[in-house]
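Residue numbers (my numbering), protein chains in the order written: chain B, 450 to 745; chain P, 450 to 745; chain G, 450 to 745; chain R, 450 to 745; chain H, 450 to 745; chain L, 450 to 745.
Hint data in this document are derived by calculation from the structure and do not stem from the laboratory. Honestly, I wouldn't trust all of these hints.
If chains are identical, the list can't say which one is meant, so a pair holds when it fits in one copy or spans any two.
Said to hold, decoys possible - Below, a list of computed lysine-lysine pairs in the DSS-like style, where the Cα atoms sit at most 27 angstroms apart: (1) Lys653 with Lys627; (2) Lys730 with Lys498; (3) Lys498 with Lys627; (4) Lys589 with Lys498.
Protein chains: 6
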Amino acid sequence: MSAALSLNRLSLSAEQLAFQGIVQAALLEDLGQGDVTTDPLPQLVLLQKQALFRVRQNCVVSGLSVAALVCQMVDPALVFTPMLQDGDFTEAGTVIAQVEGAMASILKAERTALNFLQHLSGVATETRRYVQAVSGTETKITHTRKTTPGLRLLEQQAVIHGGGVPHRFNLGSCVMLKDNHLQALGDTNPNQAIAVAVKTLRAKISHTTKIEVEADTLAQVQQAIEAGADIILLDNMSPETIREALSFIQNRAIAEASGGISLETIRAYAETGVDIISTSKITLGVPAIDVGLDLD
Amino acid sequence: MSAALSLNRLSLSAEQLAFQGIVQAALLEDLGQGDVTTDPLPQLVLLQKQALFRVRQNCVVSGLSVAALVCQMVDPALVFTPMLQDGDFTEAGTVIAQVEGAMASILKAERTALNFLQHLSGVATETRRYVQAVSGTETKITHTRKTTPGLRLLEQQAVIHGGGVPHRFNLGSCVMLKDNHLQALGDTNPNQAIAVAVKTLRAKISHTTKIEVEADTLAQVQQAIEAGADIILLDNMSPETIREALSFIQNRAIAEASGGISLETIRAYAETGVDIISTSKITLGVPAIDVGLDLD
Amino acid sequence: MSAALSLNRLSLSAEQLAFQGIVQAALLEDLGQGDVTTDPLPQLVLLQKQALFRVRQNCVVSGLSVAALVCQMVDPALVFTPMLQDGDFTEAGTVIAQVEGAMASILKAERTALNFLQHLSGVATETRRYVQAVSGTETKITHTRKTTPGLRLLEQQAVIHGGGVPHRFNLGSCVMLKDNHLQALGDTNPNQAIAVAVKTLRAKISHTTKIEVEADTLAQVQQAIEAGADIILLDNMSPETIREALSFIQNRAIAEASGGISLETIRAYAETGVDIISTSKITLGVPAIDVGLDLD
Amino acid sequence: MSAALSLNRLSLSAEQLAFQGIVQAALLEDLGQGDVTTDPLPQLVLLQKQALFRVRQNCVVSGLSVAALVCQMVDPALVFTPMLQDGDFTEAGTVIAQVEGAMASILKAERTALNFLQHLSGVATETRRYVQAVSGTETKITHTRKTTPGLRLLEQQAVIHGGGVPHRFNLGSCVMLKDNHLQALGDTNPNQAIAVAVKTLRAKISHTTKIEVEADTLAQVQQAIEAGADIILLDNMSPETIREALSFIQNRAIAEASGGISLETIRAYAETGVDIISTSKITLGVPAIDVGLDLD
Amino acid sequence: MSAALSLNRLSLSAEQLAFQGIVQAALLEDLGQGDVTTDPLPQLVLLQKQALFRVRQNCVVSGLSVAALVCQMVDPALVFTPMLQDGDFTEAGTVIAQVEGAMASILKAERTALNFLQHLSGVATETRRYVQAVSGTETKITHTRKTTPGLRLLEQQAVIHGGGVPHRFNLGSCVMLKDNHLQALGDTNPNQAIAVAVKTLRAKISHTTKIEVEADTLAQVQQAIEAGADIILLDNMSPETIREALSFIQNRAIAEASGGISLETIRAYAETGVDIISTSKITLGVPAIDVGLDLD
Amino acid sequence: MSAALSLNRLSLSAEQLAFQGIVQAALLEDLGQGDVTTDPLPQLVLLQKQALFRVRQNCVVSGLSVAALVCQMVDPALVFTPMLQDGDFTEAGTVIAQVEGAMASILKAERTALNFLQHLSGVATETRRYVQAVSGTETKITHTRKTTPGLRLLEQQAVIHGGGVPHRFNLGSCVMLKDNHLQALGDTNPNQAIAVAVKTLRAKISHTTKIEVEADTLAQVQQAIEAGADIILLDNMSPETIREALSFIQNRAIAEASGGISLETIRAYAETGVDIISTSKITLGVPAIDVGLDLD
């Protein structure tokens, strides 16, 4: 405990600044008022150990910089060394990082670090499945706002690690006119709802902000294009309908397909030539990757 | 915006006090610096609407009190009325709650409320599957510490809503001597490691705290019982080995089975008569329940 | 102090959720450990008063919803009633809001509420000057990231209240390639720096995110257009050079002028037909509006 | 839990704004992740009860507004009604407040509310003993900065409730030149240390800030007076020495006695005519007042 | 102030993570908006000094790791070196730690560090008195939930430093059925209240959580044992009654005595053979230990 | 990102502890969920650069310690080296600090650091103008409470850097009886309002707290002096009236002039011999200083 001896430090990068809040919350959640198993056994503080984070499934790794922050917050004297980088694909059995320091500190950091790694690597790995399913096409894969509360930033990064691209981060990042907005706005003349809404918004929003319009029908696609939407969300359409929509859109807007698209059907969607497919299936209810911590 | 007119309020129960931090984090995450779709359309503030939270799958509902808090934080004038209670099983198509108020506020609260409901109802529903798989036995189902960072309290409650029981909340709730602890302590005489550790801990911990010991072998079960452990974690054992362990334990400790138990095999484990089965499968990578918000 | 009698409330809208942090910081800053003038004079708590927020200069009002939150945080029993709306232009002497309640509470809220109103109305009013200077043209006025630390959201809203439009909120809202980025990237072939950077970024960023490129020369304008930039920042150019740039751009990108543009010269810039002019002069060092609180 | 039914509210006065941080910390400390006794017994939520806060010793009451905030934070539907006011002296057996509402909420608020009341009433009551010991003299009683971490504001208010007056709140409230400062400054000419320090400080500090100088000897008293100190701290002097000091000071500064003054000796100090006596004995290690909560 | 020169650090252990909130609150409380005595005297920043924390009474030391954190938060360049460990008994005059660095920083950290050390060493030392009073018996000493708001974790550790053992940390750590719960539950059949409550709770709580039942009479002791309580709180009983209770309990539950037990009577209670005695007298209104900081 | 390699640190002085909240708020405001320009260009992380903070106008520098903290928070590996000190006057073109490290980190810290430097140097420089305008007189210049919300501490320090002196920090620092207080108190006998209020306050406030009374007329000056005010605020008086007031006050109180004093008229006020002049013009709507960051 001697501050004179433990010249350690809390190292934060700008990236870590953005997620230190959730990491601290997760640690306080797990550490509570102290570890009743480890704290009464002072020999665990004196014992210096090395432990290995090892994946037990093939996966895309995500969460190493989070795990590094977990270890530093628990004990700045812990030395966390990643063996590969977030976004790397690796095979079952690979050591992805090692941590060295007081056994007591390793035991306190273990579960929280693993919980982040398991979930985020799960998101990255699931994303990769979808990305591979469309390989050879020009179509990109992205997420939705159906994310785990508190973890959106990390899940978005995991999607990137898996080969996907980011969608709008939140309600402030991009206009998205959905059926609920249009229904609320368009009472008197539904056909004009999109045109009126886009015009009103364009006059008020930043010139750096795009407008995306959700279209459930080809008629709405046409209305959105004519209104000057930057992006058309082709919602719950079949590949055939999407082809029709695309032949109308003709690069006048970015075309995004979404709704009811599974790993089985996604290639058919990509082969329509749609620019991007968004799916909640890469963030919601995604299988976790089994990661363990082995004492050396 | 007139404060003279909007005599609303932020209603917090003691239960909500514990999770208001994660709710606020989730809202700030999604609202960002404002909703660029809704904010420039002031008619959405004036428009009073009613919307219905409807489940699209059979499920156990969990997260209603969280969704209520989300709505209140977004706009204290929103009136959120649950139609059933957390823990109720219901069928696809059921309206589980309604919210009434300014359309703009409903749109801002929608995604965050749904994200909580989808995930937590998923945990509750998955728990129910495991609970039903052991129905008729005395065995209880519980979670592990493999939970989503930041959501442990809510996931633990969802497990309860699904018919499970809580495990230790965190490292401060119960002693759990695992292989890593014993390995670190038992260098000179592994056979004595459990006895020494339990004795040391019993002298120092609260008389309100139990000691659980992880046993990988029957020999360790015997050592744990002799050391006076309150709970024995029978780790990664077959039902047959567990039966042997139980015949030795003979109610001198609570017997908990864990490790490699699936929905398919869990009944065989429960029929051994083990007191409780803990599994990460009810919190980790659990399928989300589809919940939507329909404008009335 | 009787909780049984003071059935008051803390009313927060989604809008106020975003700025309650800075309001609370400002209040704690001014209230310290109590008001040593008011607290020892209990008759000021008993005395019910009405006070009027009155502007002493012609101005565009901004900050009413902030002042409302200040009053509610100081004392939920204070009734704050705005007389007009944020964004309204009004003349010297106008009462813009009234507050009614315990004299002690009014005195505690006064300075903080006024400090917000004075500064934000200053920003809105200065913005209006620039907006009026370009009236009759199609050019819009927007802010930069040169804002007061902690107040960007409120200053951006004040710009809108003054007739301006928002620019990107922060580093996450829009790509902005500036000379420093290009210099760092373009060592081997400066002519290619823009093309390479835009291509790299376009492959990785969200399809909802625009790319703005800063151009100091017409050559760079051409490179930016060819690279497919969404917005070109015409930096520190004369109106003549901007005309040349615009004739080249031909609506293939949004043209933004910035740098060295004053209230005197802005009309000449607007008359070039540039889409938008950004200036730090509407947020930085802006004259405050004199607002006072008069006891009725 | 129906938000539609529980139209409750969180009532915060400006006074409570200053101590809501410590109240929330205390509640989270005691509630943890839920009350494992009360939460599984839903009949306690339905049961409406009234409970009485009753003091079991003669005392000066302090902490009623804190207890009110505790109750409101636990459950805004709890109705807390004080029967007397902070600062009132009352006898053993008196009901000082009542609380009415859900039994479960009362049980959750009970301990935290009592912990504040017991300690703060202890401080107020101890202060009253010192104040009474000097009754009839002009001398006032005040505290020092030896307070309980996190509770200084509440303890200062309790001192006032007991009849004392506040001292400087913290290092920012008033200059206090102590031996350590002078020793550090006065190496070359100790006799000049006070004069030099006061002159330097007076030129730099606010004209609203006073300068207090600690004097251990009559020589230092003289130096402090000549230097123009506003307050002289007569440290660890006998009543006789203080009389000498006072005859020299002659109202040119406020005289404060401190150090080694007990309840037994304080009257002798007050009878010297010293303006104020500060003592840590009214905040540090003060006996708590026994307060209980009785179900009606 | 040169960041290039001051390569200092903020060192936090997992232990310190749990109490950094209260330490920061205490520092902000004392430092306010700056130290008006020290800040205007820049020579105090340049002056390097060593100062010694010295106890002026025999005591058990507690709070050294807190004082270390205080010093690091004030100035990471301060080097704090403990001379002994929390939990050590030492005599008046002992230097328990030294701190070295800028005189200005030492002066700013002084009072806050001392306030923690004085109170926590007081708790540890008072605990030791009670522990010594029962020496030679098997009875352990523990605290209650009557602790100082915000300081429970540190006070619990101080109790351990004094030779005591921890009780449940908060309402989430252990079930405690008290008279108020039973009264609320047992209207129809008081004799059955304990049995019903224990059975209900056992079915719902974690298998890692114990159930403690408060018994005021021997009849209740019997009911609690028959209901299967893990711990019986023998409340406000005489040693004789406790003996009777123990002869009935016969190790079927842990027996805890509490209520009305003083330093004078505690040995008589311990000699009954009761397992543990809990008392608020070791945390509430405990005399502080005199600790000072001497410049070397 | 290797924690094993980046042995960096977060260096906080006591001074920085007080403003780290606003710095973190400003950084989170500008960094959002990541820098969409810099993050996708990993070569900017690898590129080590040196950049120079250069002022483009003659100015008094203020904000260097804030800029240092900004850089450290963004990336503890950034080395920030000030070239001069807060409070130094320097000429256009001077490099006031340099920062060295990863180009990506420099780009992320740039705008926030500059925003603080521009505004605070503006305050310091404007203060210097007022200070120089009264040079040769004994009159000091100070600020008011009309400051930018969230920035009062930094603006107060900037005033000191410009040669001014601090006024009361907030409502807790000094009593200030203004017309609103007196009006509220003095209904029955206005002539007695000041006397009664001062007497009441003096009995209750700390002996370390001064009392300032606002006087609009010479009659009020007389009342304030007779009441024993420590400071008289001569509000909105002409220099002639102030001379009359001073001849009456005769050093019995500190005389502060305020209200309607401009850079043009301030010397005439100072030549009256008034002790101090307070003005909002040095904090409110002050021109920013142009500061840039140049890549080396």
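Worksheet entry | Violations among the numbered hints | 2, 4
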